[in-house]
Every structure is written in structure tokens, then in C-alpha cells.
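Protein chains: 2
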Amino acid sequence: MGRKVFKTSGKQIRSKLSLISSSLKANKQNYKKRIALAAVIELLHSATLVHDDVIDESSIRRGQKSINNLWSNSHGVLIGDFIYSKAFILMVKIKNLKLLEELSFATNDISKGELIQLDAINNIKIKLDDLLKISYYKTGRLFEAAAKSAAYLIDSNLKYTKQISKSAKYIGIIFQIKDDLLDYQINEKKLGKPSFQDIKESKITYPFYFAYKNANIQQKKTLRSFLGNKSINKSKSYKLIDSLNGIVETKKLLNEHYKNANFYIKKLEDNKIRKEMLELLELAILRDK
Amino acid sequence: MGRKVFKTSGKQIRSKLSLISSSLKANKQNYKKRIALAAVIELLHSATLVHDDVIDESSIRRGQKSINNLWSNSHGVLIGDFIYSKAFILMVKIKNLKLLEELSFATNDISKGELIQLDAINNIKIKLDDLLKISYYKTGRLFEAAAKSAAYLIDSNLKYTKQISKSAKYIGIIFQIKDDLLDYQINEKKLGKPSFQDIKESKITYPFYFAYKNANIQQKKTLRSFLGNKSINKSKSYKLIDSLNGIVETKKLLNEHYKNANFYIKKLEDNKIRKEMLELLELAILRDK
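Residue numbers (my numbering), protein chains in the order written: chain Z, 158 to 446; chain P, 158 to 446.
Hints were generated in silico from the structure; no laboratory data involved.
Just so you know, not all the hints are guaranteed correct.
Copies of the same chain look alike in the list, so a pair counts if it fits in one copy or across any two.
Said to hold, decoys possible - Below, a list of computed lysine-lysine pairs in the BS3-like style, where the Cα atoms sit at most 27 Å apart:
#1 Lys182 - Lys252
#2 Lys416 - Lys350
#3 Lys347 - Lys387
#4 Lys446 - Lys409
#5 Lys255 - Lys185
#6 Lys250 - Lys290
Just so it is clear, the structure is predicted and the values come from calculations on it, not from any experiment.
Please work from the sequences and hints to get the whole structure.
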């Protein structure tokens with residue numbers, strides 16, 4: 158079972174963030190705990206992915222069959238719970254109450270984000286604020302918690318804790334906006350998973366949101382007809398959304414968050430950490446899958 | 158949402174166990190933490206119920222519509238996660254690492270029990286040992302953790318911790334065996350929920366297990382035909398299972414565990430706690446819903 162769940166590893170960007178953040182005061186004594194925390198972060202992420210796939214009825218994850226597809230939705234629910242509780246066991250062993258508090262708040266925020274997203278399905282009246290809230294809770298929050306809990310682990314000062322947490326938070330939001338953008342990619346092979354999933358699942362993300370905002374009555378009607386259409390014509394829908402500035406406005410939003418991330422990363426005093434965070438920022442924004 | 162989930166409260170036997178266990182050293186200082194822990198236990202239980210209902214595709218819970226029935230399976234998965242993480246937030250606030258460790262192990266064991274049960278569906282070759290493992294992990298484990306974490310909360314001695322935990326564990330297993338027995342009740346009104354659910358879901362529990370063990374080839378064939386039959390004839394199937402000692406052997410098993418529970422409860426030195434634990438034991442074994 159474990160072999161199936163962890164066969165493909167993903168980008169491990171969250172655990173990297175955790176390790177970078179705790180590297181400020183790396184030493185022999187905290188080595189094992191730093192690694193344990195990075196593993197906890199990756200396990201928490203895996204647990205949410207397994208539950209996500211049940212919710213989205215996804216058949217593919219990281220280029221492989223998803224758990225719910227391989228066995229059943231019931232397995233997806235329970236294996237997600239199992240991984241989550243394993244993460245819980247591991248994090249308690251680190252014996253740091255502030256770290257535990259941060260991770261408990263973060264996991265709650267993540268499920269809040271997923272619930273907001275679920276109720277946003279098919280909701281063409283959704284506001285930009287809600288979309289940003291979803292991006293933060295669903296994705297930015299665990300990036301932030303990865304860095305913040307690692308800062309607590311090494312008992313760093315308030316200033317560093319804030320700078321590294323904010324940097325991580327914005328990298329996470331960028332990661333999610335980019336994810337929404339990549340889903341509008343016509344070339345699936347490059348992406349390694351089916352594209353246009355959001356629109357097929359009636360999920361309104363940034364490109365659709367901006368296009369709809371700029372559309373006339375007739376175009377709005379066409380856009381609405383795309384939602385939930387499993388056999389959507391990708392080129393046709395991309396063309397319309399692109400012509401209504403859905404792609405370019407999403408890229409603009411990405412750029413604004415890039416500035417936010419950059420603002421905090423540039424403040425980091427440690428040269429190595431600043432450099433590594435900038436690299437993660439580039440990875441988040443430039444990745445093509 | 159919260160109103161729907163917590164509209165009906167259930168028996169709250171697990172939180173009672175926690176409060177009884179921590180009552181050994183109740184004082185003004187630990188009052189709030191004792192209550193918080195009882196709430197955590199009840200939240201953990203609620204989270205597993207919400208996920209259970211998704212897995213079993215149950216439409217009714219505590220006489221009301223279940224979450225998955227009211228909204229969707231996706232809501233069931235996410236609301237379960239939300240409640241679980243709320244429990245996690247609350248338990249971290251108690252600031253007791255031993256308590257956290259026990260609860261982390263328990264939640265992991267619970268999901269293990271659910272997974273074993275899932276893979277036991279339709280498995281007529283299941284062993285009594287597996288059924289007992291399911292009863293312990295799925296139910297006894299949280300009863301045990303409720304008492305044990307409460308004993309850690311008040312920093313009680315090893316002897317008391319062991320006695321109260323073992324007592325709680327066996328009450329939990331009894332609770333589950335009784336639950337399996339009640340599912341074979343023909344009168345649904347008395348039960349407050351649909352009966353014969355286990356057999357309809359191809360779930361092999363004690364009454365079926367014992368009956369099958371005692372059946373001849375023809376009877377075995379008939380018993381197998383009951384599994385997964387949504388329009389099962391309750392009187393007919395009850396009659397066969399009863400005639401093959403399925404009910405009486407389950408009651409015998411119940412009695413053995415009653416002796417185990419009693420053995421540990423009788424050792425408890427505090428009169429009030431011993432009396433309250435005996436009352437819970439009676440409730441677990443005598444309840445008719």
C-alpha cells in the first residue's frame with residue numbers, strides 16, 4: 158500500500174521549505190528533528206492529496222493511478238486518515254508545543270480552504286477575494302506552516318520567523334495560481350496529468366473568473382456552458398478565455414504575488430537561505446508541470 | 158453546518174469515560190483541561206463517524222440524515238477532516254505531550270482498524286482473531302485512549318493508569334460486540350436506525366461468523382447469498398443465523414469480555430470511580446440501541 162502511495166514523490170517543495178527554514182540554526186543535535194519535521198510536512202501534504210483525489214474523483218496523481226482509482230473511494234478516505242495520523246504521531250515525537258500548535262491550525266485552515274472551494278463549485282458569482290482565500294488556505298497555508306514550524310523548531314527570533322513564514326506563504330499562493338494556470342494548458346503530455354480538469358469539474362479558478370468578468374452577455378453564456386462539460390473542446394474554450402484576458406490577468410496576479418514574495422525574501426539576512434528561497438520562488442513561477 | 162453535525166449527541170460514553178478517569182484528581186486547576194479533553198475525545202469520535210458514513214454510504218446517523226446524505230460524500234470527507242483538525246487544535250492547547258502521544262497512536266490505530274475492516278468485506282475466510290482486532294482498533298482503542306489520556310492529564314500513577322485503561326478498553330470492545338449484535342435486530346424502530354446493515358454491506362461480524370462456522374455446505378451457500386443482498390428477508394436470515402448459534406455464541410463472547418472488564422474494574426480502589434465504571438459496563442452490555 159505504502160509503495161503505491163509514495164511511488165512517485167512529487168516536487169517535495171514543502172519539505173524543502175521546512176529544511177531551508179530550519180537550516181538557519183542547523184546542528185548535530187537538531188538534525189533528526191529537522192528531518193522528521195520535513196517528513197511530517199510531506200505526509201500532511203500526501204494526506205490532503207489522497208482526500209483531494211476522492212473529492213475531485215481524480216483518476217491520475219503524479220502520472221500514476223490515484224488511490225481511489227486503484228482501489229475505492231473508501232480506501233482513499235481511510236488511507237488519507239491513516240497518513241494524517243502517522244504525521245500526527247511523528248510530529249508529537251518532536252516534542253515542541255509551538256510547532257504542534259502551528260501545524261494544528263494549519264491543518265484546520267487547509268480543510269477550511271477545501272470546504273470553501275467545494276461550495277464555490279459552479280458558483281459564477283464568486284469574488285476574487287474568495288479565490289485568493291482558497292489559494293491561501295488550500296496551498297499557501299501549508300507552505301507557511303512548513304517554514305514557521307521549522308522556525309519554531311530551531312527557536313529562531315520573531316523577525317526571522319515572520320520573514321521566512323511570509324516568504325513561504327507567498328511562494329505557496331504563487332504555486333497555486335500557477336497550478337490553476339497550468340490546468341489551462343492544452344498539451345497534456347507536457348503537464349503529466351489531464352488538463353482542463355477545473356473547468357470540467359465546474360471549478361471556477363482565476364482564468365475563468367477574469368474571462369467571465371470581462372465577457373459580454375453572449376460570451377458569459379458560452380463560458381457557463383463550459384462548466385462541467387466533460388468533453389470540452391480545449392482549443393475553443395482556451396481561445397475564448399484567452400481573448401477575454403483570462404490568461405493575461407491571471408499572469409498579472411501572479412506577478413503581484415511575486416512582488417510580495419520577493420519583498421520578504423529580500424529581507425532575509427542569511428545569504429544561503431535568501432538564495433535558496435529565491436530559487437524556490439523561481440521554481441514555483443516558472444515550472445511547466 | 159455545526160448544527161447539523163452536532164444536532165444529536167449520541168451516548169457520549171467516550172467523553173464520560175475520560176471525565177471519570179480524570180476525576181481521580183479533579184481540582185479547580187485542572188477543571189478546564191478535563192472538560193477540554195472530554196470534548197477532544199467526542200470530536201475525534203464524531204470525525205470518525207462522519208468518515209464512516211461516507212465509507213458505508215450510510216444515510217442515517219443518530220436518527221438524522223448523515224452528512225454525506227444531506228450534502229455529498231465530498232462534504233463528508235472534508236467535514237470529517239475539519240472536525241479532526243479542530244480536535245487536534247484543542248488537544249494541543251492542553252499542553253501535555255504524553256496525552257498527545259496517546260491520542261496520536263489511538264487515531265492511527267482507529268484508521269488501521271477501519272482499513273482491516275474494509276479489506277474484510279465479503280471475506281468469508283475471516284478469522285475470529287481478525288474480528289477481535291477490528292473491534293479493538295475500531296472501537297476499544299478510543300475508549301482506552303479516552304481513559305488513558307485522562308490519566309496522563311492528572312499525572313496519575315502507573316497502576317491506576319493501567320487499571321482504568323484496561324477497564325475502558327474492554328468496555329469498548331463489549332460496546333462493539335453489542336453493536337454487531339444489535340444490527341441483527343429485526344425491530345428497526347427500537348434501534349433508531351436501519352438494521353441488518355452489516356450483512357447488506359457484506360460486512361462479516363460475529364453473528365454471521367459463528368453461524369457460518371457451524372453451517373453445513375447447503376447452509377453456507379444460503380448464508381453467502383445473504384451477503385450484499387440489499388432486500389434481504391430479515392426474519393428468514395435471522396432464523397438461520399440464530400439456529401446455527403450465531404447469536405448465542407456472540408453472546409458468549411460478550412460474556413467473556415464482560416469478565417475481562419469486570420476483572421480490571423473491580424481492582425479500581427476509588428469507590429466512586431469503580432461504581433461509575435461498572436455503570437458504563439452495564440450500559441454497554443444492556444443497551445438496546
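Going down the list of hints, with the structure as the test:
{"no.": "1", "hint": "Lys182 - Lys252", "result": "both (18 Å within a copy, 25 Å between copies)"}
{"no.": "2", "hint": "Lys416 - Lys350", "result": "neither (29 Å within a copy, 57 Å between copies)"}
{"no.": "3", "hint": "Lys347 - Lys387", "result": "within (21 Å within a copy, 46 Å between copies)"}
{"no.": "4", "hint": "Lys446 - Lys409", "result": "within (19 Å within a copy, 60 Å between copies)"}
{"no.": "5", "hint": "Lys255 - Lys185", "result": "both (22 Å within a copy, 26 Å between copies)"}
{"no.": "6", "hint": "Lys250 - Lys290", "result": "between (32 Å within a copy, 26 Å between copies)"}
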